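Hey, can you work out the whole structure from these sequences and the hints?
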Amino acid sequence: MSECSYDFLVKVIVIGESGTGKSCLAHHFAQGRPRTQATQTIGLELLSRLVSVGDQRVKLQIWDTAGQERFRSVTRSYYRGAAVVVLVYDLTRYATFAELAKWLDDVRALASPQVVTVLVGNQLDREADEREVATLDAGRWAAQQGVLFTETSSITGENVDAPFVLAARSVLLGLSAGTIDPERPDSGIAYGERFLWRNSTGSHFSFADTSGADAAHDLVPLGPRGAPSRCC
-12 MSECSYDFLV
-2 KVIVIGESGT
8 GKSCLAHHFA
18 QGRPRTQATQ
28 TIGLELLSRL
38 VSVGDQRVKL
48 QIWDTAGQER
58 FRSVTRSYYR
68 GAAVVVLVYD
78 LTRYATFAEL
88 AKWLDDVRAL
98 ASPQVVTVLV
108 GNQLDREADE
118 REVATLDAGR
128 WAAQQGVLFT
138 ETSSITGENV
148 DAPFVLAARS
158 VLLGLSAGTI
168 DPERPDSGIA
178 YGERFLWRNS
188 TGSHFSFADT
198 SGADAAHDLV
208 PLGPRGAPSR
218 CC
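Numbering of the sequence shown is given in our numbering, commencing with residue -12 and proceeding in unit increments.
It is worth saying that the hints were derived from the structure and are not from the lab. Just so we're clear, the structure is a prediction, and the values are computed from it rather than from any experiment. Using N, Cα and C, we set each Cβ at its ideal position, and we do this for glycine too. A hint or two may mislead.
[To be verified] Here are the simulated DSS-like pairs of lysine-lysine, each with C-alpha atoms no more than 30 Å apart in a straight line: (1) Lys46 <-> Lys89; (2) Lys46 <-> Lys(-2); (3) Lys(-2) <-> Lys89.
[To be verified] Here are the in silico distance ranges between beta carbons for each label pair: (4) Gln132 <-> Ser5: 18 to 28 Å; (5) Leu183 <-> Asp116: 48 to 58 Å; (6) Arg63 <-> Arg171: 38 to 48 Å.
Structure representation (structure tokens):
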């Protein structure tokens, strides 16, 4: 069995206002280092990374979308068939937080009802007096909306793994509980070679470790961490 084999393939879309650091966040997570060029995404960019949660491997297929208004119709078309939505705002720009309800309305209208949503406040590396959205306020809003929440810095790499590992763990827990059905055509989840092999051979397959405290740190690294650089 290849080291690159996985149990589940999970479609993740990254959305939010333009300039919030969506692309930098996705790139830092997928590549293990900061993005070196500050360029706006035009339409869509595709990335991936393999993570381990407990004894399971999940391949996250990350769709990095454009935040500009002129691309909104294109972005909306990718909501369908997404298992996970990572919704990003800039914690130093309240206006990007104020627009979250609009993005979440689109998710609820267009994505599967079983989609996992993670709210991410980006730019954690900025000075405290630059912050315009308090952690408590964002956390309260996330709780009211029934979504997961964390804060990150796509520049330094602080906490960049957390949104994606939280999402992977939530998907696995949903599969275990039966609240997420991978057989739905819009589930955004596909069985991988490793899952099929383990089931065909009668190998033990357990969801028991997906909620462990160390699961968020159990990642398969794809590259060395680089020095931080300022980007989108």
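These are the hints, each one checked on the structure:
no., hint, verdict
1, Lys46 <-> Lys89, "holds, 29 Å"
2, Lys46 <-> Lys(-2), "holds, 9 Å"
3, Lys(-2) <-> Lys89, "holds, 22 Å"
4, Gln132 <-> Ser5: 18 to 28 Å, "holds, 22 Å"
5, Leu183 <-> Asp116: 48 to 58 Å, "holds, 53 Å"
6, Arg63 <-> Arg171: 38 to 48 Å, "violated, 19 Å"
Checked against the numbered hints above, the structure breaks only hint 6 and satisfies the rest.
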